[in-house]
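Chemist: Here is how the chains run, residue by residue.
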Amino acid sequence: MIFRSFLTHSIHYRLAIVSLILCLSSVSHAEERDYSLKTIASGFKDPWTMVFLPNRDILVSQRNGQLKVITDGKIGSKTVSGVPDVYFAGQGGLLDVLLDKDFAKNQTIYLSFAHGKRRSNATRLVSAKLSATETHYKLENVTVLFTASPTKSTAHHHGGRIAQLDDGTLLMTVGDGYNYREQAQTLDNHFGKIIRVNTDGSTPDDNPYVGVKGALSEIYTHGHRNQQALLTYKGVIYEHEHGPKGGDEVNKIAAGTNYGWPVATFGIDYSGARISPFTEYEGMRSPDVNWTPSIAPSGMTVHDGALYVTSLAEGSIRKLDISGDNLIDRGIVYSKLNERLRDIVSAPDGSLYVLTDGGNAKLIKIVEN
Amino acid sequence: MALFKKAAAWIVAALVASVLSSVVSSQQVMIGLIKVGARIDVEQRLIMTLQDFKILEILFPVMCACFLVGFLIASFCHQRIGGQRVFWFTLAGATSIVCTLYLMSFVMNLMPVAGARSLSGMMLIALSGALGGFIFTRLIVPKVP
Chain Y
1 MIFRSFLTHS IHYRLAIVSL ILCLSSVSHA EERDYSLKTI ASGFKDPWTM
51 VFLPNRDILV SQRNGQLKVI TDGKIGSKTV SGVPDVYFAG QGGLLDVLLD
101 KDFAKNQTIY LSFAHGKRRS NATRLVSAKL SATETHYKLE NVTVLFTASP
151 TKSTAHHHGG RIAQLDDGTL LMTVGDGYNY REQAQTLDNH FGKIIRVNTD
201 GSTPDDNPYV GVKGALSEIY THGHRNQQAL LTYKGVIYEH EHGPKGGDEV
251 NKIAAGTNYG WPVATFGIDY SGARISPFTE YEGMRSPDVN WTPSIAPSGM
301 TVHDGALYVT SLAEGSIRKL DISGDNLIDR GIVYSKLNER LRDIVSAPDG
351 SLYVLTDGGN AKLIKIVEN
Chain S
1 MALFKKAAAW IVAALVASVL SSVVSSQQVM IGLIKVGARI DVEQRLIMTL
51 QDFKILEILF PVMCACFLVG FLIASFCHQR IGGQRVFWFT LAGATSIVCT
101 LYLMSFVMNL MPVAGARSLS GMMLIALSGA LGGFIFTRLI VPKVP
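Those protein sequence lines, which keep their order, are chains Y and S. Per my numbering, the very first residue in the first sequence carries number 1; after that it's consecutive. Per my numbering, the very first residue in the second sequence carries number 1; after that it's consecutive.
One should not assume that every hint holds.
[As the list claims (entries may be wrong)] Derived BS3-like pairs: lysine-lysine, alpha-carbon spacing no greater than 25 Å straight-line:
no., chain 1, residue 1, chain 2, residue 2
1, S, K5, S, K143
2, Y, K74, Y, K129
3, Y, K365, Y, K336
4, Y, K245, S, K35
5, S, K35, Y, K213
6, Y, K245, S, K5
7, Y, K365, Y, K319
8, Y, K74, Y, K138
9, Y, K78, Y, K105
[As the list claims (entries may be wrong)] These stretches of chain S come out as covered by chain Y in the derived footprint (C-beta under 8 Å, 3 or more residues):
no., segment
10, 29-39
11, 50-60
12, 96-102
[Said to hold, decoys possible] Per label pair, the in silico range of CB-to-CB distance:
no., chain 1, residue 1, chain 2, residue 2, range
13, Y, E368, S, I34, 46 to 56 Å
14, Y, K336, S, Y102, 43 to 53 Å
15, Y, P348, S, D41, 49 to 59 Å
In case anyone wonders, no lab produced these hints; they're calculated from the structure. Fair warning: this is a prediction, and the values are worked out from it, not measured in the lab. C-beta: ideal position from N, C-alpha, C; glycine also.
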């Protein structure tokens, strides 16, 4: 019946349908490559991120507050002590780990985590010195650089991704706390913001809202929901964040910009209700990439000049080409993993390492054949 | 037949309370957006309110369940304690939906109905539940012996 209907329509109509099908198929699996998967380590409990140390050891953060060390493919032969206490609940716990860009000289490491308790918790950024022995790592001189304000009584949407700019200052995402979404639009709080601080926790003088009455000076951008990734590449800052049902976004971050949440969004609430009547709004920046329906992006890394994004809901790795000022979603490039993926890192050996999600997670290396 | 009438009244009461709660939630959400500077005209407000009825897919079964428990307790209290029947059922309508939303909020660590995040929104939704309880007593009038 459908086929007969198709044949009876004009050639333009048929060409349009065929083009649409080809277009959709090319978007969903753009450049599937010849590769295999190698499990490096397994048994992680709710991991969030990973980072390669100069000696090739890998640190993996677990939301329960532990930093696991992988040495030569073995987990647990070294331990890390001195990790601050975290609030481990919901989506919270120990989150991001970032080495200072001069780590080889100063051994400085940055951690983000949910801090506090059920009725009063907030995202916190600390710095520490990572000292090492043959069998052990230790975090020393742990210094609180920033704690989001005010505290919240939900265990969701903490943000917590850290990036370091070329000038050495630190950016960190702070989520909207789920119940506090409208506050992402006001500048008297840290909900739904990206903040910027110096490595000693002070506020840089050139932050966009320094001296603005009623605005918190650490705020760099606002109008965010539940950010999952943040990185810099060739002087450009890239971020992605979860929408609710639909409206996942990839954004290029510019100081002082309003990214719209919750006034402008392509997502709807989990209940089925609208978040807002608007998908775009004057004075608010629209996303560079919008994923509706949601793929639930998680990690993001730069690899061979492109952005690679893992996803939780889609269980895939997508490639985003950087073409001038545009980001082009090339679709799924590695689909064999097919499970919830938490993070992705371009490793020093030139390969991609992927962290799966959940209570028995794995660290997987993608080996190009 | 009596059971069928009670079931029909229970469903009508839950439906009215659900629709009202949906409307309340929509207005609360839009008021929240207006407070942070969004301009929403009457047409946009009306369209979003109508589109938000999609929430009934979830809200109506929840309302049915909490009214069932609430009305059973109201009936029990009325028989054992006495007093006005309309008082017990109106109170049951209000408290059952509030308790359910707070219970869901406690378990999920977030408020599932956006319009109920504020105290004013929760009170208006409680009022919707109260009206549902009141309607139930008007639809089911017990026979005087």
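Chemist: For each hint, tell me whether it holds in the structure or not.
Modeler: Hint check results:
no.: 1; hint: K5/S <-> K143/S; verdict: holds (13 Å)
no.: 2; hint: K74/Y <-> K129/Y; verdict: holds (24 Å)
no.: 3; hint: K365/Y <-> K336/Y; verdict: holds (12 Å)
no.: 4; hint: K245/Y <-> K35/S; verdict: holds (24 Å)
no.: 5; hint: K35/S <-> K213/Y; verdict: holds (18 Å)
no.: 6; hint: K245/Y <-> K5/S; verdict: violated (39 Å)
no.: 7; hint: K365/Y <-> K319/Y; verdict: holds (17 Å)
no.: 8; hint: K74/Y <-> K138/Y; verdict: holds (19 Å)
no.: 9; hint: K78/Y <-> K105/Y; verdict: holds (22 Å)
no.: 10; hint: 29-39; verdict: holds (count 8)
no.: 11; hint: 50-60; verdict: holds (count 7)
no.: 12; hint: 96-102; verdict: violated (count 0)
no.: 13; hint: E368/Y <-> I34/S: 46 to 56 Å; verdict: holds (53 Å)
no.: 14; hint: K336/Y <-> Y102/S: 43 to 53 Å; verdict: holds (44 Å)
no.: 15; hint: P348/Y <-> D41/S: 49 to 59 Å; verdict: holds (56 Å)
The structure fails hints 6, 12 (numbered hints given earlier, in ascending order).
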